[in-house]
Amino acid sequence: MNLWKEFTKGLLDENPIFRLALSLCPALAVTSNVYNALGMGFTVMFVITCNNMSVSIFRNVIHPKVRVPVYIISIATIVTVAMLVLEAFFPVLFKELGIYLSLVVVFAIILARAEVFAAKNKVIPSMIDGLGMGLGFVFAMAVIGGVRELIGNGSLLGYQILGSWYHPPLIAVLAPGGFIVIGFIIGVLNLIEKRKQQRLEQKGGQA
Amino acid sequence: MKEYLLLFVGAAIVNNFVLTRYLGLCIFFGVSKNFHASSSMGLAIISVITMSSMLTWVIEHFILIPLGVLFLKTIVFVVVIAVFVQLLEMVIKKFMPTLYNIWGIYLLLVATNCVILGVPLINSEAHFDFIKSTVNALGSGTGFAIALILFASLREKAQFSNIPKSLDGLGIAFILAGMLALAFQGFGGMIPL
Chain L
1 MNLWKEFTKG LLDENPIFRL ALSLCPALAV TSNVYNALGM GFTVMFVITC
51 NNMSVSIFRN VIHPKVRVPV YIISIATIVT VAMLVLEAFF PVLFKELGIY
101 LSLVVVFAII LARAEVFAAK NKVIPSMIDG LGMGLGFVFA MAVIGGVREL
151 IGNGSLLGYQ ILGSWYHPPL IAVLAPGGFI VIGFIIGVLN LIEKRKQQRL
201 EQKGGQA
Chain G
1 MKEYLLLFVG AAIVNNFVLT RYLGLCIFFG VSKNFHASSS MGLAIISVIT
51 MSSMLTWVIE HFILIPLGVL FLKTIVFVVV IAVFVQLLEM VIKKFMPTLY
101 NIWGIYLLLV ATNCVILGVP LINSEAHFDF IKSTVNALGS GTGFAIALIL
151 FASLREKAQF SNIPKSLDGL GIAFILAGML ALAFQGFGGM IPL
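Chains as they are written, first to last, in this note's numbering: chain L, 1 to 207; chain G, 1 to 193.
Honestly, the hints are just simulated from the structure, not real lab data.
Any given hint might turn out to be false.
[As the list claims (entries may be wrong)] List of simulated lysine-lysine pairs, DSS-like, C-alpha gap at most 25 Å:
(1) L:203 to G:93
(2) G:93 to L:65
(3) L:9 to L:120
(4) G:33 to G:132
(5) L:122 to L:9
(6) L:194 to L:5
(7) L:196 to L:65
(8) L:5 to L:95
(9) L:9 to L:196
(10) L:65 to L:194
(11) L:194 to G:165
(12) G:33 to L:65
(13) L:196 to G:165
(14) L:194 to L:9
[Said to hold, decoys possible] Far from chain L, by Cβ distances over 12 Å, these chain G residues were calculated:
(15) 16
(16) 55
(17) 113
(18) 157
(19) 174
The C-beta atom is built at its ideal place from N, Cα and C for all residues, glycine as well.
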């Protein structure tokens, strides 16, 4: 089956942040360290998977004219559940993520997956699609968070990695640094993509 | 009066929504490709944000708090704002067709956006009264419009410069936004909030 393909496309080819440039707000706001980035990433992954499943289950019942409000209510309900769970079991993380947690409701990527994929497919593929896209989101968040924490603080997940000789430029964890780091990550990804294509073309030429 | 003025300037410039709090980035990158579109978008944002935060304040204080269901805040706000924007679009289409032609599509784009939902949530978290919420919303909207218009002008200039191939497009847009944010960082600490 193509389930594996549905799962992996979210990682690089259609990565929500780097490729589709959707849901950028969290990608900048909570990525000043890896821990927060992962917390946000997994929350979004949970919401996107649950929402894909619920939309897919009810896809034949929802009238097309009112589909967007229905999707939004479904997302908002799942987000509220996720918020209550986080508040109960991870109070520190809940405080750190703050308002951005409620704003998960309006992340374009979640609505986009519901509209583009879950509304047209069966439950299992929709779930896989949600998991894959969510994982791609977690991956992007972790990369951005990792780079920013390493540059701005010399640490990863709170462990000091670079020695005392390293004087971290604070800008990487401040607002402007986030924009600049993402800009360069997109540049590097484009470069990798180009290399890959060139290699493919060379192989094609030899054969 | 001074208090409200400080709140306005603080929300518009010092704590600028896009550049220091990172809200509304989808629109910030999506609609900033040309100057004209971005100024219409700015206007749409200012009006919708102010009206919807007035509306959500009333709903929070007269419905949610008396009933003790404040934890449903997110769901209720999202739905209320979406419905309100849809209604506003219909009214404008019917009574002001010229205005509708200028920024009708932007209204719908705005409906489910982080800024529009973010300001009511911030107001509610800070326990602002009605006038303060309105002033805060007006300031945040203005700040967003300023940032959007500045950024659109920068991007128009950037189209004619010589940019490394791999950074072209989204990459350079992010770096430009970073520079703009750096400039806005200079206002930091001007008004203690």
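Evaluated hints:
For a cut-off of 25 Å, the pair hint linking residue 203 of chain L to residue 93 of chain G is broken: about 57 Å separates their Cα positions. The straight-line distance between the Cα atoms of residue 93 of chain G and residue 65 of chain L is roughly 19 Å, inside the 25 Å bound, and the hint therefore holds. The suggested pairing of residue 9 of chain L with residue 120 of chain L holds, with an alpha-carbon distance near 17 Å, which does not exceed 25 Å. Between residue 33 of chain G and residue 132 of chain G the CA atoms are separated by roughly 33 Å; this puts the pair beyond 25 Å, and the hint is violated.
Straight-line distance between C-alpha atoms of residue 122 of chain L and residue 9 of chain L comes to about 18 Å, which keeps the hinted pair within the 25 Å bound. About 22 Å separates the Cα atoms of residue 194 of chain L and residue 5 of chain L, which keeps this hinted pair within 25 Å; it holds. For the hint pairing residue 196 of chain L with residue 65 of chain L, the CA-to-CA distance comes to about 43 Å; that exceeds 25 Å, so the pair is violated. As the CA atoms of residue 5 of chain L and residue 95 of chain L are separated by approximately 37 Å, the hinted pair breaks the 25 Å bound.
Restraint check: the Cα-Cα separation between residue 9 of chain L and residue 196 of chain L comes to about 17 Å, which is no more than 25 Å; the hinted pair holds. Note on residue 65 of chain L and residue 194 of chain L: the hinted pairing is violated, with a Cα-Cα distance of about 42 Å set against a maximum of 25 Å. Straight-line distance between C-alpha atoms of residue 194 of chain L and residue 165 of chain G comes to about 10 Å, which keeps the hinted pair within the 25 Å bound. Distance check on the hinted pair: residue 33 of chain G and residue 65 of chain L sit about 31 Å apart at the alpha-carbon level, beyond 25 Å; violated.
In summary, the hint linking residue 196 of chain L to residue 165 of chain G is supported, as the alpha carbons are separated by about 16 Å, within the 25 Å threshold. For the given pair, residue 194 of chain L sits about 18 Å from residue 9 of chain L by alpha-carbon distance, which is consistent with the 25 Å threshold. Under the 12 Å C-beta cut-off, the non-interface status given to residue 16 of chain G relative to chain L is violated; the minimum distance is some 9 Å. Once the 12 Å rule is applied to beta carbons, residue 55 of chain G is consistent with being away from chain L; the minimum gap is 17 Å.
Residue-level check failed: residue 113 of chain G sits 6 Å from the nearest beta carbon of chain L, not beyond 12 Å. Even its closest Cβ contact with chain L, about 17 Å, leaves residue 157 of chain G beyond 12 Å, as expected for a residue assigned away from the interface. With a least CB separation of 3 Å from chain L, residue 174 of chain G falls inside the 12 Å interface cut-off, contrary to its annotation.
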